[in-house]
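Protein chains: 2
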Amino acid sequence: MKKANPAQIQNTATPRSSQYPIDEVFLTRWSTRAFDAQPMPTVDLKTLLEAARWAPSAYNVQPWRFIVTQRESIHWQAALDLLDPFNADWAQNASALIFLISDTQIPSSEPPELFPSHSFDTGSAWAHIALQAAKMGYQAHAMAGIFHEKIRQQLRVPKSFNIEIAIAVGTPGDPQMLSPALREREAPSQRLPLSELVFSPVFGHTEGLVHRQDEEDHP
Amino acid sequence: MKKANPAQIQNTATPRSSQYPIDEVFLTRWSTRAFDAQPMPTVDLKTLLEAARWAPSAYNVQPWRFIVTQRESIHWQAALDLLDPFNADWAQNASALIFLISDTQIPSSEPPELFPSHSFDTGSAWAHIALQAAKMGYQAHAMAGIFHEKIRQQLRVPKSFNIEIAIAVGTPGDPQMLSPALREREAPSQRLPLSELVFSPVFGHTEGLVHRQDEEDHP
Numbered sequence: 294m295k296k297a298n299p300a301q302i303q304n305t306a307t308p309r310s311s312q313y314p315i316d317e318v319f320l321t322r323w324s325t326r327a328f329d330a331q332p333m334p335t336v337d338l339k340t341l342l343e344a345a346r347w348a349p350s351a352y353n354v355q356p357w358r359f360i361v362t363q364r365e366s367i368h369w370q371a372a373l374d375l376l377d378p379f380n381a382d383w384a385q386n387a388s389a390l391i392f393l394i395s396d397t398q399i400p401s402s403e404p405p406e407l408f409p410s411h412s413f414d415t416g417s418a419w420a421h422i423a424l425q426a427a428k429m430g431y432q433a434h435a436m437a438g439i440f441h442e443k444i445r446q447q448l449r450v451p452k453s454f455n456i457e458i459a460i461a462v463g464t465p466g467d468p469q470m471l472s473p474a475l476r477e478r479e480a481p482s483q484r485l486p487l488s489e490l491v492f493s494p495v496f497g498h499t500e501g502l503v504h505r506q507d508e509e510d511h512p
Numbered sequence: 294m295k296k297a298n299p300a301q302i303q304n305t306a307t308p309r310s311s312q313y314p315i316d317e318v319f320l321t322r323w324s325t326r327a328f329d330a331q332p333m334p335t336v337d338l339k340t341l342l343e344a345a346r347w348a349p350s351a352y353n354v355q356p357w358r359f360i361v362t363q364r365e366s367i368h369w370q371a372a373l374d375l376l377d378p379f380n381a382d383w384a385q386n387a388s389a390l391i392f393l394i395s396d397t398q399i400p401s402s403e404p405p406e407l408f409p410s411h412s413f414d415t416g417s418a419w420a421h422i423a424l425q426a427a428k429m430g431y432q433a434h435a436m437a438g439i440f441h442e443k444i445r446q447q448l449r450v451p452k453s454f455n456i457e458i459a460i461a462v463g464t465p466g467d468p469q470m471l472s473p474a475l476r477e478r479e480a481p482s483q484r485l486p487l488s489e490l491v492f493s494p495v496f497g498h499t500e501g502l503v504h505r506q507d508e509e510d511h512p
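Protein chains in written order, with this note's numbering: chain S, 294 to 512; chain W, 294 to 512.
Since the hints were made in silico from the structure, they are not lab data.
Certain hints may be false.
You can't tell identical chains apart in this list, so a pair holds if it fits in one copy or across any two.
The list that follows gives simulated cross-link-like pairs (lysine to aspartate or glutamate, DMTMM-like), each with its CA atoms no further than 25 Å apart [unchecked claim]:
1. Lys428 <-> Glu317
2. Lys443 <-> Asp467
3. Lys452 <-> Asp467
4. Lys452 <-> Asp329
5. Lys428 <-> Glu403
6. Lys428 <-> Glu479
7. Lys452 <-> Asp382
8. Lys443 <-> Glu317
9. Lys443 <-> Glu479
10. Lys452 <-> Glu365
11. Lys452 <-> Glu477
12. Lys428 <-> Glu442
13. Lys443 <-> Asp377
14. Lys452 <-> Glu500
15. Lys428 <-> Glu406
16. Lys428 <-> Asp374
17. Lys443 <-> Glu403
Keep in mind the model is a prediction, meaning the values are calculated, not measured.
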């Protein structure tokens, strides 16, 4: 039996298209810098965090913790000042900032024992936030450009926690609000082809993949 | 305006329920150990990997690489032998194994420069796989219990790559196939409450969250 070609998913809002029929949210989620400078309902913010709560982690340790500030909070400017100026410039129009930290230790281990997958597992919680945001018509943008030591002091992050990223979340806004340099870069990024990412049976090789006559392949 | 209570999402297949109205896939995704010991179409396997391809990463570096083996491959038993015996015992009924590795270096940096978020970003790619799998009626189960040095040698993983996890993917099967000890544990895990994960404005505090009169809160 010959299978139909998986439909090319073409997102009209973005130039992204996928080779295989993935859920549309993986293409509509992207890291916009144009936000509408409006608050978001607290219940929506908590819905994003609820999605993160259900992320998988080794031994269900759940190393992720979230320190959040909403734009209508008296702490908003102080939270923006924890981002490098390049990021603060556009993130000031987001609805909330989430500082994502991870517990580097296995809970209640004595003496304290390293939890090796604390960053990896917390990355999956971040993906849950980003995907739930896109599902709701928001977007979430992760930032590596943040002031780690200042964050640790100001947000009182314990030594045993690692500061992973900060996330700006909000409703997509008019790119015309951005500075000309940022406006030019305001487009969803592309990706390496699967052929450069997937190997079988060993690194750098692909001949181990099973190809059946009854299946079309879309390399 | 008073908002309606978000519907309690109750997954009939699992005892999980959420406090906020998240997409159902975050609850239906879980780490089953009961698989049906059947192959999965290669196009479906590639669809999972396509979802991972669109994960976000710092500077769009895309540090994730996937070394896959399908159960109908001549390399299947060799791939199973890279898991610790506890995991190999149930993962032998999966349709495919994916060894997920991450590039620890910034591509083309000279001298080689560390890419600090290689594990975190690869964790988001793992979440994309797991969620796309659940959307398709499959499940993906990540394993930390694997033989790292044996994997590096057998799968020829370069020194600059970190071995993150192995993933078993397949169609959920009859839990009666499992050994009695595993059968007893065959249920979706629960999670810490949001109140233990979310802080504002600083670690350990929650009084910084904005509570509006027009919103119900579900702590």
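For each hint, the structure was consulted:
no. : hint              : verdict
1   : Lys428 <-> Glu317 : both (9 Å within a copy, 11 Å between copies)
2   : Lys443 <-> Asp467 : neither (31 Å within a copy, 52 Å between copies)
3   : Lys452 <-> Asp467 : neither (40 Å within a copy, 45 Å between copies)
4   : Lys452 <-> Asp329 : neither (35 Å within a copy, 45 Å between copies)
5   : Lys428 <-> Glu403 : neither (41 Å within a copy, 40 Å between copies)
6   : Lys428 <-> Glu479 : within (20 Å within a copy, 30 Å between copies)
7   : Lys452 <-> Asp382 : neither (29 Å within a copy, 39 Å between copies)
8   : Lys443 <-> Glu317 : neither (38 Å within a copy, 37 Å between copies)
9   : Lys443 <-> Glu479 : neither (29 Å within a copy, 44 Å between copies)
10  : Lys452 <-> Glu365 : neither (29 Å within a copy, 47 Å between copies)
11  : Lys452 <-> Glu477 : neither (39 Å within a copy, 38 Å between copies)
12  : Lys428 <-> Glu442 : neither (33 Å within a copy, 40 Å between copies)
13  : Lys443 <-> Asp377 : within (11 Å within a copy, 42 Å between copies)
14  : Lys452 <-> Glu500 : between (46 Å within a copy, 22 Å between copies)
15  : Lys428 <-> Glu406 : neither (37 Å within a copy, 36 Å between copies)
16  : Lys428 <-> Asp374 : neither (29 Å within a copy, 39 Å between copies)
17  : Lys443 <-> Glu403 : neither (29 Å within a copy, 30 Å between copies)
Figure legend: structure checked against the earlier numbered hints; hints not met, in rising order: 2, 3, 4, 5, 7, 8, 9, 10, 11, 12, 15, 16 and 17.
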